[in-house]
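> One letter stands for each residue in the lines below.
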Amino acid sequence: DTGVSQDPRHKITKRGQNVTFRCDPISEHNRLYWYRQTLGQGPEFLTYFQNEAQLEKSRLLSDRFSAERPKGSFSTLEIQRTEQGDSAMYLCASSPDSLNEKLFFGSGTQLSVL
Amino acid sequence: LAKTTQPISMDSYEGQEVNITCSHNNIATNDYITWYQQFPSQGPRFIIQGYKTKVTNEVASLFIPADRKSSTLSLPRVSLSDTAVYYCLVGMYTGTASKLTFGTGTRLQVTL
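So the protein lines, in turn, are chains A and B. Going from the first sequence to the working numbering is simple: count from 1 and add 6. Going from the second sequence to the working numbering is simple: count from 1 and add 26.
In isolation and in its complexed conformation, chain B is listed as follows (with noise of 0.2 Å):
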């Protein structure tokens, strides 16, 4: 399985553009990158997936370089609802078990 590393927590001004990195230096071939936020006694909420370059969707972008070490989610402008906890997982079905593991997230705190 791919160890994700991220920074444990992050501060930011409502409106401003915030990118959180993670890192997985050892992800395999197949391997997705997917991306959770999770708010205060609820279930994480998948935000995006991608498996290289470049996917946006309506919440937020995820940058992937060409070698998949690592991967970036932006949210563009912030607002105080974005406060929450962002986890990174880097893994694939394997076809008789899954075994998708959570780090410890990154916290993100927005501010007026």
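Next comes chain A alone, as it looks inside the complex (with noise of 0.2 Å):
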């Protein structure tokens, strides 16, 4: 399978801790996206990496949100101290370099935070 690849596919974590997810984007994508989906609507976009670096990070929700991608490859969103608030599914999406944006969106990894 050549898609994009979000591991893990479900997260059920405390209050409180620490979440990581991770994204394997099509190889030749050079652009990596993060977005969050609650339910019954659209993704809400969170950040945005053109090979390693982050060009876009204003969006994400708080402090505890971080996000890397250490060798333009692949990329880790991470969650300190999970609040409720935090469950969703977030979603992962990569894209050619080109001016009209493709975005090719993996399946993304639903957390719930108890």
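It should be emphasised that the hints constitute simulated quantities derived from the structure, not laboratory data. Each hint should be verified, as a subset may be incorrect.
For each label pair, taking beta carbons as the anchor points, the in silico distance ranges come out as [as the list claims (entries may be wrong)]:
| hint | chain 1 | residue 1 | chain 2 | residue 2 | range |
| --- | --- | --- | --- | --- | --- |
| 1 | A | Thr19 | B | Thr98 | 40 to 48 Å |
| 2 | A | Leu61 | B | Tyr39 | 41 to 49 Å |
| 3 | A | Leu61 | B | Ala92 | 31 to 39 Å |
| 4 | B | Asp93 | A | Asp13 | 39 to 47 Å |
| 5 | B | Thr98 | A | Gly9 | 27 to 35 Å |
| 6 | A | Ser118 | B | Gln42 | 36 to 44 Å |
| 7 | B | Ser105 | A | Thr26 | 36 to 44 Å |
| 8 | B | Gln42 | A | Lys63 | 39 to 47 Å |
| 9 | B | Asn56 | A | His16 | 33 to 41 Å |
| 10 | A | Arg70 | B | Thr82 | 42 to 50 Å |
| 11 | B | Lys78 | A | Thr26 | 37 to 45 Å |
| 12 | B | Leu138 | A | Leu120 | 37 to 45 Å |
| 13 | A | Asn36 | B | Leu138 | 40 to 48 Å |
| 14 | B | Phe89 | A | Pro76 | 17 to 25 Å |
Incomplete in silico selection of chain B near chain A, CB under 8 Å [stated by the list, open to error]:
| hint | residue |
| --- | --- |
| 15 | Thr60 |
| 16 | Gly69 |
| 17 | Met118 |
From the three backbone atoms N, C-alpha and C, an ideal C-beta is built for every residue, glycine too.
Since each chain comes alone in its own frame, lean on the hints to assemble the complex.
Structure (structure tokens):
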């Protein structure tokens, strides 16, 4: 399978714990995006990478959220001190270099904070 | 960013053609129009993209009038498996950041 891969698919954690999600983009795609989606809403943009550079992070929901893409390949999204309001689907997408962005999404990580 | 407006929901019978219209009155000159499909518990899937006039692929057609202030996604002969949420996005890569914004989409329900 050469699509965008996300791991884990599901994560259940207790409030206050830290969680980390991984995204492996399509190999030739230099751009990588993180979105969050809650029930009944469209995906909400969080942050974006061009290769290893994080070019947009103002939409990260709080300083408890951070993302990395250390070698311009896979990326991780970490949430520290999780809260119940963090429960959502976290989606990763990648895109090739072009002006007309076409996003290819993974299946997401469903986070439940108890 | 160009804001988009779509119907919240639509219903159709299997075998019919479905047209979903998206309004984007403040679309910028270089913006592209892209449609995505999303099934429950999955990420959105790219359907079609266009800049002007008409674009057709194996899945759908996209009609864009000359003023580009709206666009219509056309799904020919829908089946039950086309039941999903459809999102219209307008924008382009700006060189330093990307802020592609999804709205709440159009929930299409196909029945027999």
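> If a hint holds in the structure, say so; if it does not, say that too.
Going down the list of hints, with the structure as the test:
1. A/Thr19 / B/Thr98: 40 to 48 Å: Cβ of A/Thr19 to Cβ of B/Thr98: about 43 Å, so the range 40 to 48 Å holds.
2. A/Leu61 / B/Tyr39: 41 to 49 Å: 45 Å, holds
3. A/Leu61 / B/Ala92: 31 to 39 Å: 34 Å, holds
4. B/Asp93 / A/Asp13: 39 to 47 Å: 45 Å, holds
5. B/Thr98 / A/Gly9: 27 to 35 Å: 28 Å Cβ-Cβ, so the 27 to 35 Å window holds.
6. A/Ser118 / B/Gln42: 36 to 44 Å: Since the Cβ atoms of A/Ser118 and B/Gln42 sit about 38 Å apart, the hinted range of 36 to 44 Å holds.
7. B/Ser105 / A/Thr26: 36 to 44 Å: 39 Å, holds
8. B/Gln42 / A/Lys63: 39 to 47 Å: 44 Å, holds
9. B/Asn56 / A/His16: 33 to 41 Å: 39 Å, holds
10. A/Arg70 / B/Thr82: 42 to 50 Å: Taking Cβ atoms as reference, A/Arg70 and B/Thr82 lie about 45 Å apart, which means the hint holds.
11. B/Lys78 / A/Thr26: 37 to 45 Å: Roughly 43 Å apart at Cβ, these two residues keep to the hinted range, so it holds.
12. B/Leu138 / A/Leu120: 37 to 45 Å: 40 Å, holds
13. A/Asn36 / B/Leu138: 40 to 48 Å: 45 Å, holds
14. B/Phe89 / A/Pro76: 17 to 25 Å: For B/Phe89 and A/Pro76 the Cβ distance comes to about 43 Å; the hint is violated.
15. Thr60: 7 Å, holds
16. Gly69: Where the cut-off is 8 Å and the nearest Cβ of chain A is about 3 Å from B/Gly69, the hint holds.
17. Met118: 5 Å, holds
In the structure shown, a violation is registered for the earlier hint numbered 14 alone.
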